[in-house]
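**Student:** Residue strings, one per chain:
Number of protein chains: 4
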Amino acid sequence: MSHNTFGQLFRVTTWGESHGPALGCVVDGCPPGIRFTLAEIQHWMDLRKPGQSSFVTQRREDDIVKVLSGVMADADGETLVTTGTPISMLIENTDQRSKDYGEIARQYRPGHADYTYDVKYGIRDYRGGGRSSARETAARVAAGSLARKVVPGVVVRGALVQIGIHKINRDNWDWSEVGNNPFFAPDPEIVPVWEEYLSDIRKKGSSIGAVIEIVAENVPAGIGAPIYAKLDQDIASNLMSINAVKGVEIGNGFGAAEITGEENADEMRIGNDGKPYFLSNHAGGILGGIATGQPVVARFAVKPTSSILTERRSIDADGKEVELRTKGRHDPCVGIRAVPVGEAMVACTIADHYLRDRGQTGRLK
Amino acid sequence: MSHNTFGQLFRVTTWGESHGPALGCVVDGCPPGIRFTLAEIQHWMDLRKPGQSSFVTQRREDDIVKVLSGVMADADGETLVTTGTPISMLIENTDQRSKDYGEIARQYRPGHADYTYDVKYGIRDYRGGGRSSARETAARVAAGSLARKVVPGVVVRGALVQIGIHKINRDNWDWSEVGNNPFFAPDPEIVPVWEEYLSDIRKKGSSIGAVIEIVAENVPAGIGAPIYAKLDQDIASNLMSINAVKGVEIGNGFGAAEITGEENADEMRIGNDGKPYFLSNHAGGILGGIATGQPVVARFAVKPTSSILTERRSIDADGKEVELRTKGRHDPCVGIRAVPVGEAMVACTIADHYLRDRGQTGRLK
Amino acid sequence: MSHNTFGQLFRVTTWGESHGPALGCVVDGCPPGIRFTLAEIQHWMDLRKPGQSSFVTQRREDDIVKVLSGVMADADGETLVTTGTPISMLIENTDQRSKDYGEIARQYRPGHADYTYDVKYGIRDYRGGGRSSARETAARVAAGSLARKVVPGVVVRGALVQIGIHKINRDNWDWSEVGNNPFFAPDPEIVPVWEEYLSDIRKKGSSIGAVIEIVAENVPAGIGAPIYAKLDQDIASNLMSINAVKGVEIGNGFGAAEITGEENADEMRIGNDGKPYFLSNHAGGILGGIATGQPVVARFAVKPTSSILTERRSIDADGKEVELRTKGRHDPCVGIRAVPVGEAMVACTIADHYLRDRGQTGRLK
Amino acid sequence: MSHNTFGQLFRVTTWGESHGPALGCVVDGCPPGIRFTLAEIQHWMDLRKPGQSSFVTQRREDDIVKVLSGVMADADGETLVTTGTPISMLIENTDQRSKDYGEIARQYRPGHADYTYDVKYGIRDYRGGGRSSARETAARVAAGSLARKVVPGVVVRGALVQIGIHKINRDNWDWSEVGNNPFFAPDPEIVPVWEEYLSDIRKKGSSIGAVIEIVAENVPAGIGAPIYAKLDQDIASNLMSINAVKGVEIGNGFGAAEITGEENADEMRIGNDGKPYFLSNHAGGILGGIATGQPVVARFAVKPTSSILTERRSIDADGKEVELRTKGRHDPCVGIRAVPVGEAMVACTIADHYLRDRGQTGRLK
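Chains as they are written, first to last, in numbering that gives the first Met the number 0: chain A, 0 to 364; chain R, 0 to 364; chain W, 0 to 364; chain G, 0 to 364.
Here chain A stands alone, though its shape is the one from the complex (with noise of 0.2 Å):
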């Protein structure tokens, strides 16, 4: 909705840069009654914490969540309930290197939003790419899970699918490969192809893009909305508000473009239930801006690390020419620890439109 916010009733406001004290979310419009502990948050947290494999940062960060407010503590003495009102959590920032930054503090990194920064704000906290940070998405993922709690039943699951040209075989799909390897990879076959490749691009300082794919399952049917704020729509935009993502795109996606009506429209039968259900899922499971009931299945496009070795060419705020090459500990490719980002966006987005549905149309409870 606005500038750091996103969400109609579950609404988010993140907050925080790299390199300042703390970063977090403030999560207003959690329904009360929502039961959770620090434990299960830390688990997310955790699938997208930097430093646990040589093929993401090396910056180590705890990544533990504080919630500050909006819960009351269960009998137990552990479980949390929400109390309706605004959840605020709070997620220190440990390992700070501010000297790593220092000599490009009045640089312009390629690929960097330093030089836009300066243009609109006219002042820019470059440590660490400051809020531009991907240390942001942290905040995502802790309002994620609480979002995975609001709607009864949905499982909202990710999975890499490309690596720079190395595609997944998607007949080899297995969820229960993906916790079992650093790639979040349902496909194990892929898992040493991309190891080598990956080593490879590390090795030389550089980096590689990659796609991702989410799959919601259990949305309730109804959800969304016709024209604005579609169901595709506030996925495809809050997917793209990631860092670094360049594209979205529902179900056949850019492949729908190539086919006939008759090879993209899902046809409809009566099951033995007497339920409807669907023959194909072309629409990844929306058909105009609402849920069919069927899997929501979104992907997105990660570009390259900006941050890299190789000397490029660039300007400095003074308006001067200079070659810099991007120190730090960076991701060699951001886009795996997009993974639990994006399944947290598209959690959020879902739990919003479930939220709004039962409040105009009183369908669901």
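Incorrect hints may have been included.
[Stated by the list, open to error] Quick list of in silico lysine to any residue cross-link-like pairs, SDA-like style, CA-CA up to 20 Å:
1. R:Lys-319 with A:Ala-220
2. G:Lys-326 with W:Glu-262
3. R:Lys-203 with A:Ala-220
4. G:Lys-364 with G:Ala-220
5. R:Lys-202 with A:Ile-258
Read the hints as simulated data drawn from the structure, not as lab findings.
We have chain A already, so just place chains R, W and G on it with the hints.
**Tutor:** Using the frame of chain A, we list chains R, W and G on its own:
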């Protein structure tokens, strides 16, 4: 942002169904003192208007825009000047043939929103797709015609770059060709290919998807916002709200997933005029959600028209299985008429961010 | 929420000037399945309509509401049923006499928004007050007529309780009297007093202020929100948006400043039916921003009509001092016709909070 | 705009309960380049701080504000400069005595939001009023301290003008006296009257209401908006969101109901400097929702503190009738500490409208 409104300072609310008496929009927050003529609006309306070639629907609508509020007539009696109050625009529906749709009033057309509307609302205006008809986009084009005038110097143009499997040759790109063929094709060599291809599809009663590219030039560097309400996010969101759109990308888009950081980042230099410039535009004119000053480049994929003459399996509102064909007058490639709509959505997004940036930073005039 | 829209889930956007071709509103987010007739809307419109007695403006407008979208006709051909899509309502301006205003096109009428519009926008529709004409409130009444149907059982009524220095005797309060006099007075004894008082003011070409009280019954306990978007806050906000309103109070209002905690707080007991009830309603039906289930009671003060026949000192757009009298056909007490407008605003606020509460808590159906 | 956020371009989101670890706010949309020190913020915090005299609660909180994001330290090491990104401010709760409230955990205190919270949410943080504690207003004062710096030259001041039946003598108004007494009284002669009156009320364990007046000077003419989002509407809305406020008025307010158009309208002349000026300010600095450039004058009524020592009849969460007295450390006149809170809310509203006007019209710098 809300169900039928988009934008924050330059806000557009649309209303109306395909077969009601009229449809329209309210443009709120438009700056005062903007001068325009009805003929200028009509120019953009005519580009989207049905019945212009054999490749689009044969429904005939004049799409005459009436401006009901928010303007004063200038001394010349022809120029209208905005006063800063909401501008209500109305377009009458003149060529409705509700009887065409009678027999599918209770049947769910595959690929359409019929089923999801019924699940959500329990009631549905089945005539011509009702609210989810692409006729709603006429109101967007009307709003966009004003949005184009908000940012001094900005030019927003669109072109069709792919129909089905046939893509343009980008080396042939010539903006002046776009108006010379019924496809908004910037490549004259693709025109006969598409003509034959699409004629064949039309004769079969089938349909096909397409990809549209929108380019906005002279977008002031610095507009946008860093985290949520990114310029690319809002462009993606607003393009995704167009009927039948299944994917959106900015700059390199999904292609960015396949390349390295060295290949993707845009280097900078200082020109002879002392001003910074970029050596490439992989970013599509946006870094960290903020405009770089380069052309903003967005593409979106439109699925094939779901209304086809081939018999398809579906169900009806009574839970019975049916086979149905969608009669009526449909676009074989709805992507064609999406070109001016995409332009309008990008123009509105840029106008909105321009006003917001001017508000927060006071930088622009 | 934004300049010409109010409400979050039940959103009303109004547009139109006094002397343009028409004015109207778009009601977005209205639940589907609400049934109404045009005659029902007209009932509320007629209460606000000008020309009904010698105590209101003699301008004659039929104020016929056309519903352009968002509804389907029921089988009876008369009842309209909302479909959940935006409802566009239009009211034509039929009795415009722009020439009445010609000579004050560049003069700033004291108490009017002429000067401030010119400062803000640099352009102003001077005809009949343009956008700031009380004619805009016709659109609110139209929207309110739908809002009244959103919350089951809710009844919103208003009455005039004070004109100038003459207040009603609250002991005489009888809702059934409100329709029996041209003042919406609930106290029959005040009617002759006001008649004489207001006739005198009208003959002098003067005007006078008033206070209106709105009472909403059967408001579900629990709607509202604790801190911002309080039910009383949103009622105050929406009443304050009515032309010429200078003060708003809830329950005891300003009177609460003069009494002790013992006198002001409403005690509770359990009724014979096992349900809680309050022994008094000093709070006006709202505690901590949330409805108690008691009647919601709000009052608002309307300043005297600024258009008077007495010559007043002012300036014009060229910075010259002028003396001016406001001709035209004006209400000697604009507070009278504000009664149905106040009802409409309270009805819309309650409908919105009802849907929002249903969304966040899932409590209501 | 939404439950715990207010403002459109200058947006404040508050969070936190009375007895949690902390409370705070996120200020989003603040312009970049605003310079402030923590000492400046603390100046305003201290005015609202409890424990300052025998006439306010004896709870002791230092109310130290930590700024966690959105700023860079200037070279002097003390001045902070806003960067345009969201500013998170946190205030720890240090003097909590939850045991004071233990016995009323399930009882509904008359005049409090206990009952309505339980109805709405089914769960309630009973400790010290939870979210509805006036402690939440500390976050508003912190946000307001930044808002004061957004509009060049604007000065927002407040004063207590009435406690119970004792009003100040407006002829004695002297802003320099406001800081010389524990009441924010602008009339030194009222101070001994209020001291005696309030001491008596405090000794009885009772409480009393009050009226506060806020005056904003140097508000740029032209900010505001004509119909919804009027400047007076948004001031009324934001003042009404303060705990215990039951009425709001602008300029003549309810007094405008009692006078004629001749008496109420403010005439204009041209000054020797060639600039327009008003001969009076009955309008309270706002015409048609837009600032005239005169001082903006708003008043609001605060009800007596509901927490009193007198035994009152009520019920508990089990539906049983109880008699209860509210122990704890309470303000006998919560209106006193509402003065800096009212100032903060008006300052935030003006800052927001300033940015919005600059956005839409480009008039301001």
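**Student:** Given the hinted pair R:Lys-203 and A:Ala-220, is their alpha-carbon gap at most 20 Å?
**Tutor:** violated, 33 Å
**Student:** Between R:Lys-202 and A:Ile-258, does the CA-CA distance stay at or below 20 Å?
**Tutor:** holds, 16 Å
**Student:** Given the hinted pair R:Lys-319 and A:Ala-220, is their Cα-Cα distance within 20 Å?
**Tutor:** holds, 19 Å
**Student:** Check whether the Cα positions of G:Lys-326 and W:Glu-262 lie no farther apart than 20 Å.
**Tutor:** Holds. G:Lys-326 to W:Glu-262 sits at ~18 Å (cutoff 20 Å).
**Student:** Starting from G:Lys-364, check that the Cα of G:Ala-220 is at most 20 Å away, please.
**Tutor:** holds, 13 Å
The structure fails to meet hint 3 from the earlier list, while all remaining hints are met.
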